[in-house]
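Asks: Given the structure of chain A, go ahead and fit chain B onto it with the hints provided.
Chain by chain, the residues run as shown.
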Amino acid sequence: MPKITYIENNGKSHTVEVGKGLTVMEGAVQNNIPGIDADCGGSMACATCHVYVKEEWYNKINEKSEGEDDMLDQAHDPNKFSRLSCQISVTDEIDGLVVDLPEKQ
Amino acid sequence: MIKTDALIIGAGPTGLFTAHQLNIIGLKCEVVDNLDKIGGQCIELYPDKPIYDIPAVPECTGEELTKNLINQLKPFEVKFHLNERVEEVKNEKGQWQVKTNNGTFFSTPNVIIAGGVGSFEPRKFTPKECEQYEEKSIFYSIKDKNIFKDKTVSIFGGGDSALDWAVELSANSKVNLIHRRDEFRGAQSTLDKVYELRKEGKINLFTKYQLKVPKGNGKLDSIDIQHENKEIKNLKTDYVLGFFGLIMQLGPIANWGLNLNKKTIEVDTEKFETNQKGIYAVGDICSYPGKLKLILSGFHEGALAARACFKLARPNEKYRFEFTTSSSSILKRLGKKSD
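Heads up: the sequence lines are chains A and B, in that order.
Just so we're aligned: the first sequence equals residues 67 to 171 in this note's numbering.
Just so we're aligned: the second sequence equals residues 8 to 346 in this note's numbering.
Only chain A is shown next, with the shape it has when bound in the complex:
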């Protein structure tokens, strides 16, 4: 299974295996990783699963969904590497992905 690393805002790092076909958000929620709220449950309606994708990975993951940037406008402190983790699909190609979590959602 692909491994994904989530780094909390305080620097604490969590590397977990996430099943293919899930999303990066689901990987965090199923493994009880703090820092991703996912209030709307993945329907791209809330911007509380916001992550910063490491620069070297940004172009390797699937592209933004239509409307994702509209939701990111409402995220806490977005930057150009911001994504909604519910819109990043887990595949073999992203084995090793590293995402930073924002200070708050």
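Worth flagging that the hints you see were computed from the coordinates, not collected in a lab.
Everything numeric in this text was worked out from a predicted model, so none of it was measured.
Be a bit skeptical, because a hint or two may be false.
As the list claims (entries may be wrong) - Which bits of chain A does chain B cover? Going by a derived footprint, with three or more residues having C-beta under 8 Å, they are:
id, segment
1, 73-82
2, 101-115
As the list claims (entries may be wrong) - Partial selection, computed: residues in chain B whose CB lies under 7 Å from chain A:
id, residue
3, L52
4, Y53
5, R192
6, G252
7, M255
Think of the CB as a built atom: it goes at the ideal place given N, C-alpha and C, for glycine as much as any other residue.
Replies: Coordinates of chain B only, in the frame set by chain A:
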């Protein structure tokens, strides 16, 4: 002071159906919601998105579901208190004394929390320095637009609220519109207007910028905004408005002495009662082993919590289970004639 059999916090689908269930068994209730309209997440987050898992409704939008639930309440008198947030809850001789931020007082034996994932609050600016100016020079909603007359107003955001206010305030104020990217999500017609006003010099547009820090000595004087490429600009401004949508917060509920599990409230599965007698939690906000965050689960939870309310609201009567198809007393409450 409003006396009622049950107070429901939250006017989302679960709160609405719980109100129905209370009235069906002959109990009165009132509903409080922090939003300005009925419907909760269904209206605020996904009014146009289709839902496919409401029993016997193959497909409906959040807005349609809300309309149907409101229609279902038509035979009953249910008072809604919108734009109000419950702040305090305390127990006096078995009655819950509930106070809202608008000063409305309720006295009731039953409080049903159907708060979804909490109340919707405006998202705020990231820099901590903004707090000291909040409600003085930095606002997340507008109560009195006259204060901006002949002043400089810097508006942040890319949605309809930001665009609409930029257009409206540009008539009497100097307006800066600042957004973190080139594209806006507001209506195209408003956006065209913004570009037109920019040409006329009535709106200054700054895209790919975000607020870096507010500056001033007690009183806001200017703001530093930072471009995606790190370049910083200083803008003189009297007021700052931020329109970044809403986020859900548990809010004051967190201080009511309830057993919490992350952002949810622990309940039993017989009455959906919390660790406080007479306070129930239903819908997305409750947790118990096997909890599913589906609207249909909220309906079931509300139906059971309503029956539990009966005991405290009518201590001298015995609750009798009846079907809507056959009970003459229920049909009477619904305003229908029985055969």
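Asks: Taking the hints in turn, state whether each one holds.
Replies: Now the hints, each set against the structure:
| no. | hint | in the structure |
| --- | --- | --- |
| 1 | 73-82 | violated (count 0) |
| 2 | 101-115 | holds (count 9) |
| 3 | L52 | holds (4 Å) |
| 4 | Y53 | holds (5 Å) |
| 5 | R192 | holds (4 Å) |
| 6 | G252 | holds (4 Å) |
| 7 | M255 | holds (5 Å) |
In this structure, the one hint that does not hold is number 1.
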